[in-house]
Amino acid sequence: MESVLVLLALALPIALGGLWLSVLVPADTLARTPLIWSHGALLGLVLVPQFLWLQNALGLTLSFALPALVSTILILTASVILLRRTPISNRTQPALRKMTAAQKWLFMLLLILLIVRLALLGTEVFLRPLFPWDATMHWATKAKIWFEYRSIVPFTDNLSWLQAFGEGVFTDRHPNYPSTIPLLQVWMNLAAGEWNESLMNLPWLVCLAALGGAFYSQLRIAGVEPTLSMVFTYFLLSMPLINTHVALAGYADLFVGAAYCAALMALHNWVSGKQAWQRVLLILFALCLIRLKIEGYLWALLLAPGLIVALAPKHAVIRLAGIGILCVIGLVVFRQVAPESLHPFLQQFTPLSMKGLMGIIKSVFLHANWHLFAYLLPMVAALSLLLPLSVLKTYRGIATALFASVGAFLFLFLFTVFSLGSANFTGVGRLSIQLAPGLMFLCALLSNAILVRQVWPAKGTGHR
Amino acid sequence: MLLGLAMLLAVLMLFFHPPSSGESPLQAINMTEETLEVVAPSWQLIDGRLDLELAGFGVGVVTLLTPGIDAQDYPYLHLSLEHPPPDLVATMSLRKGGKTVHQYILEDQPLTDLWIATREFKGWDGSIEAITIILTSKEPSALTVTDISLHPASATLQLRAILSDLGSFAPWKRAQMNTHTGAAKVASFYPVPLVVTLMLLSFVAYGVVVILSRGRITFSWTVPAMIFLACWLVLDLVWQNRLLRQVAHSHLTFAGLSPEEKLAAGPDAKLYRSIAAVKAHINEPDARVMVATSDLYAGMRAAYFLYPLNAYWRLERPELPDAQYLRKGDYILVLSPSRAYAHKDKGVRLPETRMYPAEMVYSSLTMRLLRLK
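Order-wise, the sequence lines are chains A and B.
Using the numbering used here, the letters of the first sequence map in sequence onto residues 1 to 464.
Using the numbering used here, the letters of the second sequence map in sequence onto residues 465 to 837.
Hints in this document: simulated from the structure, not taken from any laboratory.
Wrong hints could be hidden among the right ones.
[Stated by the list, open to error] Distance windows between CB atoms, simulated: (1) B/689 to A/116: 22 to 28 Å; (2) B/745 to A/168: 20 to 26 Å; (3) A/115 to B/627: 26 to 32 Å.
Quick reminder that beta carbons are idealized off the backbone N, C-alpha and C, glycines included.
Model the full assembly from the supplied sequences, consistent with the hints where possible.
Below, the structure is given as structure tokens:
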């Protein structure tokens, strides 16, 4: 019974998100099946914990049954809508049929490697109890209490807890982190009927698989051929640090990375294709970011420059500069009005940290966190300069958003006290996980443009 | 790519060849009756193979005597075991000037065939008198040491040491959530720069082939792309191999256990069991328990295991809250190492505070639980 309920706990979010996206996404969309189920899984995994949150807000005891019932009703509603629609015959994908034998072999080889990897990671998740540091410092702490009390008991900082003599409150290192990840673990444990540190981490495996499916399908929609889409999906899912965050699940970074990547992909494909459902995906994943981790607010906010550049290209630079100046003026005014509130913020800044810089360089270029991605990105960026301007303009939205995020990342680790997290490798790798999938998507788009156009020396014909 | 590989080997031999004192030819130092010292309940050396029985606590000590060798003449150590117990840990130390120096735990598992570049060991210089390898396992067991030997520099062994590094495996470490170096503690090279060199040399080789073909082969981006993919696959197969061995290790440790048993068998098993003993002495379900320790990790983990009791642990000092925040009935768990002093009759205090009156509820070698009066 426990196994059935655990499987149900995983299946319900996937079905919920997948079926509602099936309602939303037109039937003739390229790579529709992986698109709806993978994006649906990501959305469902973030949505179901919100049901638990709502249940608690209504003063009800946390349980598996009520959110499962709500999910089932929503799933049935979506199913009814889908059944009422005229069925469309399952079209074979012409691009898949056009693949050469070598391409098919490569596609299958990489797919098998990915399946093997997911099986290995799944086994590891299934076997291990909770292991990583932060998981037991501020993520699973809340999950454990909320599961035991069947209620979202408040967590406060150490001092507030002492002042309240611990009456009705608990404390951990980061009491203000969003509740989604702990509630996801509560959800799994409610299904298991006991506190189970292995089963509660299975959503991390689903998240990785969903990230892969979403990445592949959005690349296909962006016009990338199946083989190259699979190659880049393989690149993404094989990166060791991302794999580690599944095998040793318990952190939010993988979910943040997946949601940020999904938002960026939707942004790019909405700007390029103008499909309304991509806009909905963009909004939904930006909201997911906010509900996952504090950094999510920043990544969601930094989607805005990309949107401005992509949607209002005329005078976009002037507009961005205007926003920047307004922010600076706002800070100056704020400093005059309430200097004491800004003081702790300003204290975080430091001169350029060379140790932080060396930490970033080592983490990215020397260590095996990302395999060869750190070398691929600059190579592709340099080669993309050979592409015609008209082609490059296609990527300005996603590139601007990523440029802003990478800028914020570098600023954090080079010019603030958080450079320590780069110098001793405690923070830089984890934050990179949040950006790497999005960067890989841009890299895949540019690589596709380079390979399709054979940018230099001329349009080649390969070996004679 | 084959040309690139050949060029990589040439680069390794030309620029990364280990130095030697110049006294050649040198012979390898192998296990013989003269070079071997063994401490174990029972052992025998037959045809260069050492059959060994580990003692009551699963310990055996094997020493390879190397009197008077110049460390830089022997850049490679080979260690190979047959039928090692799965939890076997090998600790290596050097003897220099009559003293044992520089202990290393050889992370790599299983220790069936390990080639180590000795220059990566701290202290591998000057004259080495002996290398001692301490083999420990939880249970008494028997194994065969098929080889412990030191070797002079050679291109083949350089390659074997690199391959041994790439094929090595060590169980998860906490730091791996933050970074994955890809290299063992005593590896000669980080794998990524090594593979990047291979990739760049392959690009050069392809460029040369295109130029020398005088138009018979035209440049295509597909070829560099395939070289890149192949190099990625090389790195990934190394990673997948480690992942596979990790899964086997986890299976051995956790398969078939209940959630509670997994915690009691996991990396924090001792702490988990200790906290379980502590919790058995706390009757109030909503008791406040302050964890006092100077070990950040143990303190954080202890607080986590104490939940759903109302646990308090602070990352920063002081280890105990100010007196104004304490009240009768609160529990204080002093976890070694700690600056807090606990007395079974008087109570508990930090060096800079007064004594908080408390009764000792539970005491063990590593922790003391007190209840404030």
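Hints versus structure:
Restraint check, residue 689 of chain B to residue 116 of chain A: a C-beta distance of roughly 23 Å satisfies the suggested window 22 to 28 Å. Restraint check, residue 745 of chain B to residue 168 of chain A: a C-beta distance of roughly 24 Å satisfies the suggested window 20 to 26 Å. Taking 26 to 32 Å as the suggested C-beta distance range, the pair residue 115 of chain A and residue 627 of chain B conforms, at roughly 27 Å.
Comparing the model with each earlier hint shows no violations; every hint is respected.
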